[in-house]
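Student: Chain by chain, the residues run as shown.
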Amino acid sequence: MSYIFESLDTFVTWLQHLSISSIINTYWFIFFIEIPRYYLLEIIIVTYNILTYRRLEKKRFYARFRLFKDNPLVTILVPGKNEGKNIYKLVKSLAEQTYKNYEVIVVDDGSDDYTPLICSDLEKHGFIDLYLRCGVRGGKASAANYGAYHAKGKYIVHLDADSSLDRDAIEKILMPFYLDPKIKAVGGTVKVRNYKDSICASMQAIEYLKTIMVGRQVTNTLGILHIISGAFGAFEVETLKKIGYWDIGPGLDGDITQKIRKAGWKVSHASDAVCLTNVPVKWKVLFKQRLRWSKSLIRFRIRKHRDILYPNRNWSLSNFVSNMESIIFDCVFNYIWLFYFIGLITNFSNHIFEVMLLDFLIRLCLAVVAFGVILTVTERKREELFLIRFLPLTSLYTGYFMRIVRLIAHTKELFFFSSYKDPWNPEKTSRYAQLERA
Amino acid sequence: MITIQNNNNERRILLLDSQFNLEESPDFPEYLFDAVFIFNESVEQTQNILNDINPITSQKCCYKPLFVARSLEGKMGDYASVIDGYIDDWNDKDALNKVEDIINRRNELGLNTPEEKILSSNQLFVRLTRFLIIRNNLIMHPVLENGSSSGYVIPIYNLFYKLGWYKLSESFVFVQSMVEKGYFRTTQFLNRIYLCPKCQHSHLLYIESCPKCNNSMIHSEEVIHHFRCANITPEHTYNFGGQLRCPKCHQMLHHIGVDYDRPATVFTCDVCNNSFLQAKMQALCSNCQSVSDVKSLVPINVYVYEITKEGIYAITSLNIGFSIYTEFHDNFLEFNRFVNRIRLLAEQKFSGRILGDVLVGKIWIIDSTSATVRNRAELLAQVCQYFPNNKVSAANNITYINAIATDYKGDQEQAVLDFQIMLSEAIRAAAYVLRPGEKICYTYMKLEGNGSNIDDFLNDLNFVATNPDDSVDYDPNAINPNGDRQVDSPLLKDDGTVETEIEAIDLNKPAEVPNDTEDTQESGNTSFLNKVKDSICHIFSSH
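Which chain is which? The protein sequence lines are A and B, in order.
Each residue of the first sequence is one higher than the one before, starting from 1 at the first, in the numbering used here.
Each residue of the second sequence is one higher than the one before, starting from 1 at the first, in the numbering used here.
Keep in mind that the hints are not guaranteed to be accurate.
If you anchor each label on the Cβ, the simulated ranges turn out as follows [stated by the list, open to error]: (1) B:Asn453 x A:Lys124: 54 to 62 Å; (2) A:Glu379 x B:Gly242: 53 to 61 Å; (3) B:Ser169 x A:Asp121: 30 to 38 Å; (4) B:Val298 x A:Glu103: 29 to 37 Å; (5) B:Gln289 x A:Asp121: 30 to 38 Å; (6) B:Asn273 x A:Asp307: 32 to 40 Å; (7) A:Glu103 x B:Asn336: 55 to 63 Å; (8) A:Asp121 x B:Arg185: 35 to 43 Å; (9) A:Asp70 x B:Ser296: 38 to 46 Å.
In the PhoX-like style, the derived pairs of lysine-lysine whose C-alpha atoms are separated by at most 20 Å in a straight line are [claimed, not checked]: (10) A:Lys124 x B:Lys295; (11) B:Lys181 x B:Lys309; (12) B:Lys248 x A:Lys242; (13) A:Lys196 x A:Lys284; (14) A:Lys59 x A:Lys69; (15) A:Lys154 x A:Lys69; (16) A:Lys81 x A:Lys288; (17) A:Lys381 x A:Lys196; (18) B:Lys248 x A:Lys428; (19) A:Lys182 x A:Lys242; (20) A:Lys262 x B:Lys248; (21) A:Lys124 x B:Lys280; (22) B:Lys212 x A:Lys124; (23) B:Lys60 x B:Lys98; (24) A:Lys152 x B:Lys212; (25) A:Lys241 x B:Lys248; (26) B:Lys248 x A:Lys304.
Just a few of them, taken from the derived set where beta-carbon distance is under 8 Å, the chain A residues facing chain B [said to hold, decoys possible]: (27) Leu130; (28) Tyr131; (29) Arg133; (30) Cys134; (31) Gly135; (32) Gly138; (33) Ala141; (34) Ser142; (35) Tyr146; (36) Tyr149; (37) Trp246; (38) Ile248; (39) Lys428; (40) Tyr432.
These are computed hints drawn from the structure, not numbers from a lab.
We put the beta carbon where it would ideally sit given N, CA and C, even for glycine.
Produce the complete structure using the sequences and hints provided.
Tutor: Have a look at this one:
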């Protein structure tokens, strides 16, 4: 007990000796990189969005009117392997939709459990319009392509089998297509359904709110949205056909967004179209998932779609900025952070405890600010308030855990091409993907 | 040519070689011949003759042995089932034996009288089953026949189905009811087949069709998955001058399993362009042209049936549920329905809705050893006619009459007395059915007490009284007031064997007996009986 008080005492005396400039000097990474990008920018954009809400609302009203007048057939495409147990929950939430003109296509990518039985039964009873099945696993991209080929709708809504939708989600995600005819793909907001399952899930819930609900609203407003989540995204079928549907993943959602952007179309984000999904509840599973996601940055943005960065005929500022933004902030600054962190430890080896504690406190303050932003944006404040108790942990989660995961993933991918060995894709397809550098 | 010849056993054989209207010919009455031999060498002509001369259409040749020319052996198709032998000469040893066998068996079973005309499909089945019993063909083995109505058919039934005598559903109902009653038993399971739900025919065409529009213009196609670009589309999109080329990345496909594979097959409807994994299977009936889902087809288990001993006893007797009496006499009820009716009347009686007494009269015949004798058709016919306003039933060697005793003045005792008188008259009128040593008796039961003893009452129906209210002994001079000939039924002993009564063979006995005086006396008696009946009929009302 006394040890804690002594430590706090030394911390306070240490603090008293610090000036503002020395704090900024010490935590330059936070003040010059993280705050402007992740906090200041967000506050400005969200404020801007709130101020222009009225003008947008009118546009959205007319867009909704045109949507229901046009009433296009929407294909809801659900590829997956061994997802039979989740399908019923999904189709139940689909049956509740305010937008009714849709068909459901479930693609079974070589399931080896009871999925075929469950799905053909659901098909017989009319919950599913078409159930497609591949006898052998071909990977998520091939499953999605198989379903997309049979889609009769004007738009495809791509869903993960373990997700379920708010009852107005389909309507909301289709609206941007009628706001701007150049928009050919729209991402929805993905939230965590099982946020009470474990601390790990709760942390991800906060992360999803910050990076997807707020973060993508910001990049969308700036016109540099670079990903449409695979769990919930809408695409125009004509455009999908032109760009050749999905390519091999992992991270095929980011890849297809890039392809649409490269083709000269716009992508958008509907932060009010909410989809709930289950996230990993164990840190180990989360770690593996994030390794896979992070590798796709190197594989697609730096390798496959590097031509976006070249000043050629096809060059566009927004695509360039969009790609550079994610490369710099997610990859380059990560390595810089590593050196910054090492420097911090070596320079302040005497006061390492005090330095880390202050770092923690600064991040906590920022997290509170960020949570305030989340609460101004979200439509379900009461549920989200539950997460406030986990705010102290976010500084550890985003500040350290996520950075370390990304560092490992990027290093592995940069030097060892490890995403081609990921069992997430069948080996036969990965082999070709690697040969083609695709 | 048509003629009658005696064979070596002094049996008369009707010989014919061409179509002949035997039924309406007065020259060849039923009793003039014992067997039929069609000596025509042509298959078609013989079949035409057999269309007239068979157990169903010909009452004269009903169960008689039927032979055709030896050269036709194996060529007669379904007709073979009504043919007893293929012979060149009616004095053939086999033919002689066969004729004797059949005649003896008919006598044994008491089926030696001419049958009535067929009026319902159930009579037809009973007739055919009796035909089989006489031939001792107790196993009915369905055969798988090309061109038959329901795939597996019992040949003799199928012949008459083809001749248009019944509907398929009727034959299923008949066989099923026989099995339920224990008259047939299944000995071997053959197959489980599916029939058209509308017409029970087996001639179904199976059609794969689109689950959405039910059209059968569909085609199936394999799907090719190209690994390197994850393109997965039907095979025709890859077709490029006989080679396979990916429509997405325009690379040639080389080696299955290495750069591409075929993970699935998908159906596409050419009409509505719908894609589906499993085509809907439908069955088109080539008989009634209805299209039904394969799930709604009627499953039928095909068994080999054997006619049981009870079956032989029941089918050769008139007690069979759908006997001719249910169709001829309005007031005849099958016994289980009769019991239900008594139960219903009892309920009404105990709840006060019927004022009169519920009575059940019982008439039975005992032989010289005081054992009851099987019900005789004539007795039942006589009772049915005698009590036209009362329900009549027969079972357990007893004939039952149901009555509600009340007259217009509500004098119940008088009404019960009248019922007794009428029963006495009835057994006297029916005394002509008796044989030497036999005695016809009656008693009656009156429903009394309250609702609790109804089961005892119904149970008592099964037993005869040791002291009958009245009885009439055998009288050689008794004649049938209606002038019908006497018919005998076989006796069934306790061990199940059928015992023939010698007297029963003497068919024409009652016809020989009457002389003028007795005739006038009898006719007077009949008119008296009718008078009594007329006067009493209005007293007994039946529901």
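Student: The structure should be examined with respect to each hint, and the outcome stated for every one.
Tutor: We went through each hint and held it up to the structure:
1. B:Asn453 x A:Lys124: 54 to 62 Å: 57 Å, holds
2. A:Glu379 x B:Gly242: 53 to 61 Å: Holds, at about 58 Å.
3. B:Ser169 x A:Asp121: 30 to 38 Å: At roughly 34 Å between Cβ atoms, A:Asp121 and B:Ser169 fall inside 30 to 38 Å, so the hint holds.
4. B:Val298 x A:Glu103: 29 to 37 Å: 35 Å, holds
5. B:Gln289 x A:Asp121: 30 to 38 Å: 32 Å, holds
6. B:Asn273 x A:Asp307: 32 to 40 Å: For A:Asp307 against B:Asn273, whose Cβ atoms are near 38 Å apart, the range 32 to 40 Å holds.
7. A:Glu103 x B:Asn336: 55 to 63 Å: 58 Å, holds
8. A:Asp121 x B:Arg185: 35 to 43 Å: 41 Å, holds
9. A:Asp70 x B:Ser296: 38 to 46 Å: 41 Å, holds
10. A:Lys124 x B:Lys295: 13 Å, holds
11. B:Lys181 x B:Lys309: 12 Å, holds
12. B:Lys248 x A:Lys242: With Cα atoms ~9 Å apart, B:Lys248 and A:Lys242 stay inside 20 Å; holds.
13. A:Lys196 x A:Lys284: 18 Å, holds
14. A:Lys59 x A:Lys69: Holds, at roughly 15 Å.
15. A:Lys154 x A:Lys69: Holds. A:Lys154 to A:Lys69 sits at ~14 Å (cutoff 20 Å).
16. A:Lys81 x A:Lys288: With Cα atoms ~18 Å apart, A:Lys81 and A:Lys288 stay inside 20 Å; holds.
17. A:Lys381 x A:Lys196: Answer holds: A:Lys381 to A:Lys196 is near 16 Å, not above 20 Å.
18. B:Lys248 x A:Lys428: 18 Å, holds
19. A:Lys182 x A:Lys242: It holds: about 15 Å lies between the C-alpha atoms, which stays within 20 Å.
20. A:Lys262 x B:Lys248: This hinted pair holds, its Cα atoms lying about 17 Å apart.
21. A:Lys124 x B:Lys280: 11 Å, holds
22. B:Lys212 x A:Lys124: 11 Å, holds
23. B:Lys60 x B:Lys98: Cα-Cα ~19 Å, so holds.
24. A:Lys152 x B:Lys212: 14 Å, holds
25. A:Lys241 x B:Lys248: Measuring from Cα to Cα gives roughly 9 Å; hence the hint holds.
26. B:Lys248 x A:Lys304: At roughly 17 Å apart (the allowed maximum being 20 Å), A:Lys304 and B:Lys248 satisfy the hint.
27. Leu130: 6 Å, holds
28. Tyr131: Because about 6 Å separates A:Tyr131 from the closest Cβ in chain B, which is inside the 8 Å limit, the hint holds.
29. Arg133: 6 Å, holds
30. Cys134: A:Cys134 check passes; min Cβ-Cβ to chain B is 4 Å, inside 8 Å.
31. Gly135: Cβ of A:Gly135 sits 5 Å from chain B, so the hint holds.
32. Gly138: Status holds, d = 5 Å.
33. Ala141: Check passed: Cβ of A:Ala141 comes within 4 Å of chain B, closer than 8 Å.
34. Ser142: 5 Å, holds
35. Tyr146: 4 Å, holds
36. Tyr149: Hint holds; A:Tyr149 Cβ to chain B Cβ min 5 Å, cut 8 Å.
37. Trp246: 6 Å, holds
38. Ile248: 5 Å, holds
39. Lys428: 5 Å, holds
40. Tyr432: The hint holds - A:Tyr432 has a Cβ within 8 Å of chain B, the shortest such distance being about 4 Å.
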